[in-house]
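Asker: Kindly generate the complete structure, drawing on both the sequences and the hints.
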Amino acid sequence: MFSYCADPDSIEGLTWLSCYLTTGKHFAFYRSILVVLALLAMAAPLAMAFGFLGAMARRAAFAPLRWFGAIYTNMVRGVPDIIFFLFVPIALDQALEWIRHQVKCPDWTEPVRQGNDFVVCAAAKLPLGSSPQWVHETYGFFTALVAFAIVFGAFAANTLYGAMNAVPRAQLETAEAFGMTERKVFWRILVPQMWIYALPGLSNLWMILIKATPLLFLLGVEDIVYWARELGGSKTSQFDYPHPDWRIYYFLALLVFYLLMTWGSEKVLGRITRRLSHGQATAGGERLRKAAA
Amino acid sequence: MICGEAISKYALRAVTSNPDYVERLLPRTDFPLCDQVVLIGSGLIWNIYYAVLALFFGFFFATAIAVAKASQQPVLSWLARTFIFIFRGSPLFIQFFLAYETFTLIPKVGIDIPLGFTTITAETAWLTRAWLGALIVLFLNTSAYSAEIFYGALQSIPKGDIEAADAYGLSGFKRFRRVIFPSMLRLAWPSYTNEAIFLFHATTLVYFSGFPAWRQSADALYYANYFADKTFNPFVAYPIIAVYFILFTLLIIGLFGLVNTRLNRHLPADHRRKFTFRPTLIR
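Residue numbers (our numbering), protein chains in the order written: chain A, 20 to 312; chain B, 440 to 722.
Keep in mind that the hints are not guaranteed to be accurate.
Unchecked claim - In silico DSSO-like cross-links for lysine-lysine, where the CA-CA straight-line distance does not exceed 27 Å:
1) B:K613 - B:K598
2) A:K44 - A:K254
3) B:K613 - A:K309
4) A:K254 - B:K547
5) A:K123 - A:K144
6) A:K286 - A:K254
7) B:K613 - A:K144
To be verified - Beyond 10 Å from chain B on every Cβ pair, some chain A residues (computed):
8) I30
9) V98
10) I118
11) C140
12) A189
13) V244
Calculated directly from the structure, the hints in this document are not laboratory data. Every residue, glycine too, gets a C-beta built ideally from N, C-alpha and C.
Answerer: Right under this line is the structure:
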C-alpha cells in the first residue's frame with residue numbers, strides 16, 4: 020500500500036509491520052469483519068421475525084399450528100445449536116435443489132438419491148455450475164443466514180412467548196371489557212407492553228448471537244476465523260512477508276474483538292433497559308421512580 | 440440382539456482404535472443404520488466425559504470465584520471479575536482455538552510426579568490432545584459461567600439467614616459451610632441446571648475447533664458429521680445425534696431435579712424454586 024513497501028526484504032521493525040498489516044490479504048481479513056457485522060445485522064431482525072411468528076403460533080387457537088409452535092420453540096432445548104448449524108444449510112440446499120429438480124426436469128427418471136450421492140439435473144443445481152464465484156459465496160452466506168435465523172428464532176420465540184404471558188392479565192381483561200376484538204387486544208395492548216419483559220432475554224440472545232458468529236467458519240464462509248488461520252499460519256521465505264506460526268496472535272486479536280463487541284453491547288443494552296423501564300410496574304421502573312423523586 | 444454386530448465392532452471405537460477390541464476402520468462404502476447409531480452413541484462417551492469432569496471440577500472452582508467476586512478485597516474481586524468477563528465475553532469456539540495454539544507452543548517435556556508408591560510422567564504434549572486440553576478449556580469456561588450464577592445467588596441470600604447465623608455465633612468458614620453455601624446452592628440450582636445442559640451441548644464443539652481427533656476417535660458430532668459428509672444425506676445422522684442429546688438432556692434435568700428436591704426439602708412446596716428452561720447460558 021505504501022510506496023516504501025515495494026521491497027519487503029529491505030525493511031524492518033515498525034515499517035515492516037505497517038507494510039505487513041496493509042497487504043491485500045490483510046484487507047480481506049478486515050473486510051471479513053464486515054461479513055460478521057452483516058450477518059449480525061441481518062440475522063437479528065430475521066430471528067426476531069421467526070421468533071415472533073413462533074410465539075404467535077404457540078398461542079394460536081388452531082391446534083396443529085400450536086403444536087408446530089411448541090415443537091419449534093422446544094427443539095433448541097434438547098439439541099445443541101451446532102447440530103442445527105450443520106444440518107440446516109445442507110438440508111435447505113438439498114430441499115431447494117429437489118424442488119427445482121421436480122419443476123425443471125419432470126422427465127428425469129433416475130432417483131435423486133443414488134447410493135451415497137444426491138443427483139439432480141444440471142439445470143436444478145444451486146447455484147448453477149456456470150455462475151460466477153461471488154454467486155456461490157453469496158449462496159453459502161444465505162444458507163448460513165437461514166440457519167442462524169431458524170436457531171435464534173427458536174430462542175427468541177421462547178423469550179417472546181414468556182414475555183407475552185408475563186403481561187398482567189388485568190390489562191388484557193380491561194381491553195376486552197372495552198369491547199376490543201382479540202386481534203386488537205393482541206396488537207394494541209399485549210405487543211406494546213411485552214417488550215420490557217422480553218428485553219432481558221433478548222439482550223442475552225444478542226450476546227449469544229455475537230458469540231455464535233465464529234460458527235460461520237464451520238459453514239464454509241470466509242469469515243474472520245478463516246482469515247485468522249490463513250494469515251497466521253507460518254509463511255516460508257517464498258512469501259513476501261515470511262514469519263513463523265503467528266496464529267496465536269491472530270486469535271488473541273479475535274478474542275479482543277469479541278470482548279469489545281460484548282462489552283459495548285452490554286453498555287448499549289443497559290441504556291435501552293433503563294429507557295424502557297421508565298414508568299413500568301417492574302422493579303427496575305420502581306427504582307427509577309424513587310431515584311427521580 | 441439388535442445391532443449386535445455393529446455393537447461388537449464399534450461400541451468402543453470412540454475411545455480406542457486397538458484392533459483387539461474394535462474394528463479399526465470406519466465404514467467407508469455402505470453405511471448401515473446400525474453402524475451409524477452405534478458409532479454416534481460411542482462418540483457420546485467423550486461428550487459425557489467432558490461434561491462430567493468439567494462440571495465436577497468447575498463446581499468447586501466456580502464457588503471459589505463467586506466468593507472472590509463477592510469479597511471486600513478489591514484485588515481479589517477484580518481478578519474474579521476479569522476472569523468471568525474474559526470467559527463469558529468471548530466465544531467458546533475462539534477459546535478452543537486460542538488454547539490449542541497456546542498449548543502447541545509449550546515446549547514438549549515430561550514432568551515426573553511422585554505418587555509415593557509409583558511415579559507418573561506427565562507430558563506437556565498431553566495438553567495438545569483433546570482429552571486434556573479441551574477439558575481444561577471447558578473447565579475454565581463452565582467455571583466462569585457458573586461463578587456468575589453463584590455470585591447472583593450469593594447476592595440474593597435472604598438477609599435473615601445470615602443474621603440468624605450470626606445470632607447463633609457462627610462465623611468465618613463455619614458460617615459459610617453451614618448457612619451461606621447451602622442457601623447459595625439452593626438459589627442457584629435451577630440456573631445451574633441450565634448451565635449443565637448447555638455445557639453438555641457445548642462439548643460438541645471440541646473436535647470442531649482446534650483440537651484434532653486422534654485416529655478418528657472422537658465425540659458424537661464428529662461421527663455424525665462424518666456420516667453426513669460421506670452419505671451426503673443429513674437426514675439420518677443428525678436426527679440420530681439429536682435424539683441422543685434430547686435423551687441425555689432429559690436425564691440431566693431428571694438428575695438435577697432430584698438434587699433440587701433435596702436442596703429444598705426443608706421448604707414448603709410453594710416456596711421451592713423450580714427449574715425453568717432459560718437459554719441464557721449458551722456460549
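Asker: Please verify whether A:K123 and A:K144 have alpha carbons no more than 27 Å apart.
Answerer: 10 Å, holds
Asker: Was A:V244 rightly flagged as not at the interface, with every chain B Cβ beyond 10 Å?
Answerer: 7 Å, violated
Asker: Checking one constraint from the list: CA of A:K44 to CA of A:K254, max 27 Å. Satisfied?
Answerer: 13 Å, holds
Asker: Take a quick look at A:A189 and tell me if its Cβ sits farther than 10 Å from every Cβ on chain B, holds or violated.
Answerer: 22 Å, holds
Asker: Is it true that the CA of A:K286 sits at most 27 Å from the CA of A:K254?
Answerer: 40 Å, violated
Asker: Taking the closest pair, is the beta carbon of A:V98 still more than 10 Å from chain B?
Answerer: 5 Å, violated
Asker: Does B:K613 pair with A:K144 here, judged by a C-alpha cut-off of 27 Å?
Answerer: Outside the cut-off at roughly 70 Å; violated.
Asker: With the threshold set at 27 Å, check whether the alpha-carbon distance from A:K254 to B:K547 stays at or below it.
Answerer: Satisfied, since the Cα-Cα distance of roughly 23 Å is no more than 27 Å.
Asker: Quick check for students: does the CB of A:I30 sit more than 10 Å from each CB in chain B?
Answerer: 27 Å, holds
Asker: Was A:I118 rightly flagged as not at the interface, with every chain B Cβ beyond 10 Å?
Answerer: 15 Å, holds
Asker: Under the criterion that the straight-line Cα-Cα distance not exceed 27 Å, is the pair B:K613, A:K309 satisfied?
Answerer: 38 Å, violated
Asker: Below or equal to 27 Å on CA atoms is what counts here, so check B:K613 against B:K598.
Answerer: 17 Å, holds
Consistency note: the structure conflicts with the earlier hints numbered 3, 6, 7, 9, 13.
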